[in-house]
Amino acid sequence: MDPHDLENLNTALDHEAQLREKIKEQVVDLDKKARTMVGMLNKVHSIPYSQVAGLVDSVYLVLRSTNAPHTALADLVPPNQFWRWKDMWTNSLRTSVFVAAFLEYLSKGTLISLASTSEALGILDEWKDRFTLPIEDYLHGLITLVNELSRLAVNAVTLGNFQEPVRISIFVKDIFAGFTMLNLKNDQLRRRFDSLKYDMKKVEEVVYDVSLRKLAQPPDPPSG
Amino acid sequence: MTSTAAIFDAFRQDLDEHNDRRERLIKASRDVTNISKKAIFLLHRIVLENVPALDGLTPALRAAKAGNENLRQVQQIYANMKEELVGDRFWRYQHQVSPGLQEYIEALSFSHFLEHGTLISLDEVQQTLCDSKGAPYFPLTISDYMLGLSDLTGELMRYSISGLTKRGGRLQAMDTLGFVRNCKADFEAFTPYVRFLSKKQSVTAQSLQKIEDAVYAIVVRSSEYDLSPEMLDDIVSQTFSSSSADRRGGRRNADSEDGFDDENMSF
Chain V
1 MDPHDLENLN
11 TALDHEAQLR
21 EKIKEQVVDL
31 DKKARTMVGM
41 LNKVHSIPYS
51 QVAGLVDSVY
61 LVLRSTNAPH
71 TALADLVPPN
81 QFWRWKDMWT
91 NSLRTSVFVA
101 AFLEYLSKGT
111 LISLASTSEA
121 LGILDEWKDR
131 FTLPIEDYLH
141 GLITLVNELS
151 RLAVNAVTLG
161 NFQEPVRISI
171 FVKDIFAGFT
181 MLNLKNDQLR
191 RRFDSLKYDM
201 KKVEEVVYDV
211 SLRKLAQPPD
221 PPSG
Chain Y
1 MTSTAAIFDA
11 FRQDLDEHND
21 RRERLIKASR
31 DVTNISKKAI
41 FLLHRIVLEN
51 VPALDGLTPA
61 LRAAKAGNEN
71 LRQVQQIYAN
81 MKEELVGDRF
91 WRYQHQVSPG
101 LQEYIEALSF
111 SHFLEHGTLI
121 SLDEVQQTLC
131 DSKGAPYFPL
141 TISDYMLGLS
151 DLTGELMRYS
161 ISGLTKRGGR
171 LQAMDTLGFV
181 RNCKADFEAF
191 TPYVRFLSKK
201 QSVTAQSLQK
211 IEDAVYAIVV
221 RSSEYDLSPE
231 MLDDIVSQTF
241 SSSSADRRGG
251 RRNADSEDGF
261 DDENMSF
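Sequence order for the protein chains is V and Y.
The UniProt record's numbering numbers the first residue of the first sequence as 1 and each following residue consecutively.
The UniProt record's numbering numbers the first residue of the second sequence as 1 and each following residue consecutively.
Only chain V is shown next, with the shape it has when bound in the complex (with noise of 0.2 Å):
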């Protein structure tokens, strides 16, 4: 090989690895955040409800807290090269989309869009092609999201909140009604997708079990 030619990529190489250093060091600092707020949120299942509003704002702090690592991560990222760098952060983003949208489940009832997501998290949109929110990942957010609703259901009728498993079962269903539209192909998202059933079936269960005890009142007919 040319020495020159040699040298360029050898130039090149260094650079790259320097650069995967550099982002290494802010998906440490993403990992740790999204673990925080899985532990925080873990609590959700044992404080009574009057309690929830709290822990909500408290998590929402350290979901805020990930929009400056998500800049420096946009700043690092070359143009063009999102996708070439985006496994290594994978996992934390996922675990962000689902505390996202959790906070909004437990404070507003209601799905939290991809755009609000995209905004809770500080993704801007001129960032598009070095850092963004992917729909794959999204959807994948929302699965974490209904798998933990599915055991919240369960901990909420131990903890005296009846009426929970019945709000749960129509935001599930929802969600599911919605997977049923994408052509998924059999991927990792696929998989999970096809998981949900189990879930929709222990949320069912639980509120086939305290609507036979009359523990529960009968859903208002959806709206929309």
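Because the hints were derived from the structure by calculation, they are not lab data.
All the given hints hold, so there is nothing to weed out.
Taking lysine-lysine pairs in the BS3-like style, the calculated list, with each CA pair at most 25 Å apart, reads:
#, chain 1, residue 1, chain 2, residue 2
1, Y, K38, Y, K27
2, Y, K27, V, K185
3, V, K33, V, K128
4, V, K86, Y, K82
5, Y, K27, Y, K82
6, V, K202, V, K43
7, Y, K82, Y, K37
8, Y, K37, Y, K199
9, V, K128, Y, K82
Over 12 Å on every C-beta distance to chain Y, these chain V residues come out as not near it, computed from the model:
#, residue
10, G39
11, S58
12, L103
13, E119
14, T144
15, E148
16, S169
17, R192
18, S195
From the three backbone atoms N, C-alpha and C, an ideal C-beta is built for every residue, glycine too.
Position chain Y relative to chain V; hints supplied.
Relative to chain V, chain Y alone:
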């Protein structure tokens, strides 16, 4: 339609578009692999032809010319793919594009070696993947370049060993040996940076050893006779032509295309 339904409906279009593009690129990449593999066979075939010079071209130059001709089909495929790989899309579909691209680089570098006797540079590869104005269809990555070149050493092993029976094949094997040895040494520095390269390096090491063993045999045997390589060639080709005349009842080229296939090449 509920608001959820509206959200997911928009996703469906986006996901469908993505999956369809992915499928198209996989197919195109398979075509690239196919053409490139055939081009490599073509190169091996022509370079072994027992016609020293035709139209003033040596077999190696004839092979390179025909090979480059074939690889133009690949370049056309990439030209057509350009829109699918524009902007951030290249990196999104890199996993789909890589395998074909590496096969193409293997073929192209082999052809380049036969023509110039050198290793093709990254810029030279990139230039074959540019439109008439010199704008690249997509950025060529160092990783694809290195992994493609890494496969070249296997072809060079076949080339030098299959060529041993040919006039001038012994000298050629010795030259190729040096070249492959340099390749292996140069690539070694990149193994920490380029994924899968160290695996390919071990294949290169095997190829290298096969050439080394072949060249060793040549040196040992020719040392027993105090003759020039050309005279040795003469003796061997005389034996060949008389024995094939005996066996087949007629004159035939010692190394016609018969039997030139994978089995015979895996020494």
